[in-house]
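Chains as they are written, first to last, in UniProt numbering: chain A, 1 to 223; chain B, 1 to 223.
No lab work stands behind these hints: they were computed from the structure. Hints are supplied without guarantee of correctness; some may be wrong.
Treat identical chains as interchangeable: a pair holds within one or across any two.
What the hints assert, rightly or not - Here are the simulated lysine-lysine pairs, DSSO-like style, with alpha carbons at most 30 angstroms apart: (1) K204 <-> K109; (2) K152 <-> K94; (3) K115 <-> K94; (4) K204 <-> K152; (5) K115 <-> K65; (6) K115 <-> K152; (7) K94 <-> K109; (8) K204 <-> K94; (9) K115 <-> K204.
Computed from a predicted structure; not experimentally measured.
2 protein chains.
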Amino acid sequence: MATASKLSQNRKPGRPSKSEDLRDVILDQAELAFAEFGFEGASLRDIAGRANVNQALTRYYFGSKADLFDACFLRRGGFLAGHRHVNLDRLLEKTPNPEVEDILLAYLKPQWDMKYSGPNGAAFVALQARLHAEPEEHALRLRREVYDASVKRYISALCDALPHIPRDVISTRMAFLVGTYLFMLNDLGRLDDLTDGHLNGFGKEDMLHQLVTFLSAGMRAAP
Amino acid sequence: MATASKLSQNRKPGRPSKSEDLRDVILDQAELAFAEFGFEGASLRDIAGRANVNQALTRYYFGSKADLFDACFLRRGGFLAGHRHVNLDRLLEKTPNPEVEDILLAYLKPQWDMKYSGPNGAAFVALQARLHAEPEEHALRLRREVYDASVKRYISALCDALPHIPRDVISTRMAFLVGTYLFMLNDLGRLDDLTDGHLNGFGKEDMLHQLVTFLSAGMRAAP
DNA sequence: CTTGTTATTATACATATGATTAATTTAACG
DNA sequence: CGTTAAATTAATCATATGTATAATAACAAG
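Work out the full structure: start from the sequences and follow the hints.
Written as structure tokens, this is what we have:
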């Protein structure tokens, strides 16, 4: 562990550790606000207020509101993509020819865990769902930048596991999958409405298992 | 077909046919704007401008901005739910014990057709996707009001077709399904990104078929 | 035509917002 | 301590927005 003096050497002068904290505090609160109200609905004043910080600080650190949103998304999105990447590495290392279920689980689990890691994790799920519903070109670029590489690796893994199914079909089904789990995670709390409350019997892990079962069967279906 | 004189008798005095048209023109333009920019992002001025109408007219006809949004959603949402209802009626009448594929197709086709019925149909799909990503209580009530009854009927039909699968599981999978097709329809134009352009070979009908295949397999999966 | 009701517009109001600038504080360093 | 650069704040700007009101236009009825 680095000593305090070493840390202060690495740090640029005039930039104390406290400021790094504020940067993250702003990001955390922005995450919550964007998730709850959407990009247009959230206001910089509100975000700054939640963070107990002057509004101009958001501009100082992140530039425009759009830049703040991007920073928000890239932070946790990058973490998520990285986690997925590692999961697939480990799986392929351990099992040369993994089952479809295992591949899907490697993909879904990080998002799942994030959702239940706390309010900000859940907020990020909502953020993703919103971003997917956004038709703007910029939103599309963001998503591609963060996720595309990882998704393509998983498509390849699925192709290996399902050699009799054309790659085009697998790609399409992978897109189905993204919609399914995103929507589902975001809507989970209200799923009871459809089940007349019978859903309470399912725990979080049960639900993940159900999702994997459902999606694996879809992946395996003869085209 | 009613004569012009008869029509003018049915109409309330002081409410000429032209005004009914404007009401719909506003709804059409609001639909496009809400779909493109979201509820907060769309502005009444912009909507009124597109409709070549004074902004105060939106208030005159619909009240608040939120009311306009609701009217927007209920109009086409009601049409959609009705279409689904009829489709299931006809299916059950024709085939007492229909296949899962037929049930799902009856559910999905109306939305599919709407998407390709023109710009406003496509906009409504985007609107739905946005509304689903919205955590507000009001958005939830809207969706439930429009869709819940219809969805529950389809769940029952699926339970009959899959007697060995518990109702809870079917309900959950039906929720999966909604997420899948909504995001997919909304994302369809950009699906090429994942397939390196190979998707062009699939026509609209092919894609619907692929979706039904995928979802049917998921529905049938042993839980 | 006159009247009363509805449809439509022109205009104004109050406010919330993102951006911006200048001033102030904080901390590292010589 | 004093200097310097970065971090943080206070205050202002210009504007876009939803709401609201009053005036006008269109139209049916008598």
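Hint check:
no. : hint          : result
1   : K204 <-> K109 : within (11 angstroms within a copy, 32 angstroms between copies)
2   : K152 <-> K94  : within (20 angstroms within a copy, 43 angstroms between copies)
3   : K115 <-> K94  : within (27 angstroms within a copy, 44 angstroms between copies)
4   : K204 <-> K152 : both (27 angstroms within a copy, 23 angstroms between copies)
5   : K115 <-> K65  : within (25 angstroms within a copy, 32 angstroms between copies)
6   : K115 <-> K152 : both (23 angstroms within a copy, 28 angstroms between copies)
7   : K94 <-> K109  : within (17 angstroms within a copy, 43 angstroms between copies)
8   : K204 <-> K94  : within (26 angstroms within a copy, 40 angstroms between copies)
9   : K115 <-> K204 : within (10 angstroms within a copy, 34 angstroms between copies)
Of the hints listed earlier, there is not a single one the structure fails to meet.
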